[in-house]
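Residue numbers (the numbering used here), protein chains in the order written: chain H, 1 to 158; chain W, 1 to 331.
For the record, the hints were derived by calculation from the structure and aren't laboratory data.
If you're wondering where the values come from, they're calculated on a predicted model, not measured in any experiment.
Think of the CB as a built atom: it goes at the ideal place given N, C-alpha and C, for glycine as much as any other residue.
Take these hints with a grain of salt, some might be off.
Which stretches of chain H does chain W cover? Using the computed rule of at least three CB atoms under 8 angstroms from a CB of chain W, they are [to be verified]:
| id | region |
| --- | --- |
| 1 | 44–53 |
| 2 | 91–100 |
Some chain H residues close to chain W (C-beta under 8 angstroms, calculated; not the full set) [unchecked claim]:
| id | residue |
| --- | --- |
| 3 | 26 |
| 4 | 27 |
| 5 | 33 |
| 6 | 38 |
| 7 | 76 |
| 8 | 79 |
| 9 | 85 |
So the chains spell out like this:
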Amino acid sequence: MKVFMSVILIGFAAIAGAQEQGHLDVRTTVQKQEVFVNEVGESETRLVPAEVVVPGETVFYTITFSNVGAEAADNVVITNPIAEDLMYVDGSAFGPGMEILFSVDGGATFAAAGELTIVEDGEVRNAEAGDFTHVRWVMQNDLAVGAQGTARFAAVLE
Amino acid sequence: MIASVFAWMRRVTFLCLCCVFSSPAGAVGTAVGTVIENTAVVSYDLAGAPVTIQSNTTTLAVAERINLTVTLQSPQTPVAPDDTGRALLFTVTNTGNGTETVQLAIDSVIAGDDFDPTPAVPGIYFDTDGSGDFNTGDQPYTPGTNDPDLLADESISVFLVNDIPTGLANGLTGRSELTATSATGTGAPGTVFANQGDGGVNAVIGLTGGEAQVTGEYLISDVLVSVVKSQLIIDPFGGSEPVPGATLTYTIVVNINSPGTAAGSVVRDAIPAFSSYVPDSITLNGTAISDSADTDEGEFDTSGVPSVVVRLGDLTQALSPQTIVFQVVID
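This is chain W alone, in the form it adopts within the complex (with noise of 0.2 angstroms):
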């Protein structure tokens, strides 16, 4: 009784909104449980005089669609050949109008790529602090133990945790799929589960089948990256000893020397103590970058310990050496 007036609450909002914005439904349907009810007017004049019926009233009950998706999040990931616990990260929704519970599961044998990663063990995760990465706070899934309960329009993020084999060379794929399945049950779609859905009403398989399935990709990139620091140091006297007051140079030669790409590479050094950066100093290949944190590839870093931190992106061979130089004062 309390769900059905709440769900009549829920459509008066729903009829405010429609007269300020007159936006359509919302993203899962009408509620599970909602009542609709339905009577005719009729008016009439008989002999010049007006009257107005009603029909009957028919009902209609809204039963539980179960409908479930899954979206792939991670692009594809670049591991390299003995890595561990590389993770895959997904997102599960329940696109229906109901409560439902859902079952996950992994399988990295997969038709189409050149090699099975090894799921770990657990091999799937929920991204319990929501930071998109997989890391030590995330909670491992077991089955019928922990099966995450999604209400409509509700989603979960999920890694899936693989080890990659030895031996793998660069530019093998390798995939792993993720299954949702309703608890409620799977089937064509339009297969009622009497009874089965929230509050006792029927549900019944929406257009996904109540399972999806979604499957990502690794790919062996073994790139071998080297960095190289230097420093010049020019004294206030006019010779190179690192005394009070003498600037040091720093270059940082990146320089990638296999086939593969380092995605997303970022160089980050600290100010070393006792010493003081020089305001923009920072270049990269020859090319000032400001300080400040903005649109270009690089900043000086404040907000932990002072850093210069510069973005070289996408990293080839082809794009080697990426020189960065910048000055710091000592103290």
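Isolated chain H, as found in the complex (with noise of 0.2 angstroms):
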């Protein structure tokens, strides 16, 4: 028995290893904006981290992503599903060198948000930002080694 863990142990940890040669790193954080005075007493805001929401907020959510490998990755596709409880912003989806894409149905289907079409009573409409359940963005271009990127959207509380 005791053999036996310890294949399996192995195992785990040889697939681990394998990971993180040649793989990317990626790292979620979700903010929300705050509103400070600054040192000449005007009001501005800037993004703090985002532990408790209520509902009408807005929230950011970043995604990191670098090449820690020893190779390039190519078509690197990163998809964010949209929370039941929170609403896509509007043309908040940003990610240079990328393609914006959205699915209304569950992360199925992918396409452009103005290709977008929801069945609703019988009848074809555009699809809207409420519509949408994830985000996705396609790279461009290959990854480098070492080369990083970022994702972002925004989406309010319901």
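Each chain sits in its own coordinate frame; assemble them with the hints.
Written out as structure tokens, the structure reads:
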């Protein structure tokens, strides 16, 4: 039994080791705006970590990724679900060098924002920001070794 | 723990609704205590081999947003000098996302009117029977004793009750204000009450500041109304004796004999005992009114004591007189 256990452990370690070599480091943060008064007494807004929010507040998700491996990564695609209680803020998705697509069917299919439709009461209408279930960023170029990128979107708590 | 499971179940329900109707969120927003997790998924090819990895998971906790609204349900309310116990109806709604205890207050010294109504003691009642009319079944509000607890999106109907001072001329107005205040606290939108929300989460003051006030108005409208009823008897023998088979023609004349408006005036006259209403005999100012309850001004109402009912609406001196005629036959 002991032997079996240790084999499994070694197996995990091997997989983990393989992923660390030549893969991407991906981190997500969530922030919200805070109004503060600057040195000259003016009100300014800044982003602070969001832990607690109330309905109507806007939160900003930022996904940063970097190639910490030894080989370039091709066809990098980042997909982020939009939680049920959040509504995507129209036009907020952002990602340098990336095409931005959305899903309205729980992530089964993706298309550009203006190309999505919804069937409602038997009638087809254009999808709106509130219909989006996922955001997807598709990198146009390879992610070179050591390179990093950022993807961001905003959503309102319903 | 049970609460959070419930929150998830609610969210699942919402999801289903979204699929069918693509409806936006509920009226009051995401339930307090809901936890929203987010994980990004990244896929890529490495030397031709596909790889999929996940980011860390971020967590957002939904705090309680405190929001109250008050709306006035009563139109400007006609009253007479020396009236007592005149009520104004309001609705208090919890538009926050958690349960909130609400404190109520009456103020009848309001700028911009002509007189100050005198709050009754007690001056605030709940519309306990849900009738919309202030009556004896309605329970008084005692601050600190029966402050209502309102669930998210829940409303309660509240009366402000005032007496009307003596010696006021027609046309004068007096206002009375209901203030509803969150028991958790009030303050500028965004003010945080740490750990004071449902389940110990933070409570945050919403756009209404945790307090809402709305003013209702009384109008002195001391209208003098006269109602005169007369009868004409025609018996089967060509005379005017009230014998069986005789027809009685009743004429009711309503006059307003002063300035002001008798709002929503209704004449209801029961058919006398030992007599029967003559079908289709009602007229108002010479125009026939059908017996059925429909869109015209009246009907023959048999739901209780058989009665002739005619709605005269908002009557003024200029609209006087109003003449109602109907007939009965003595049994």
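- Item | Hints the structure fails to honour | Failing hints, ascending: 2, 5 and 6.
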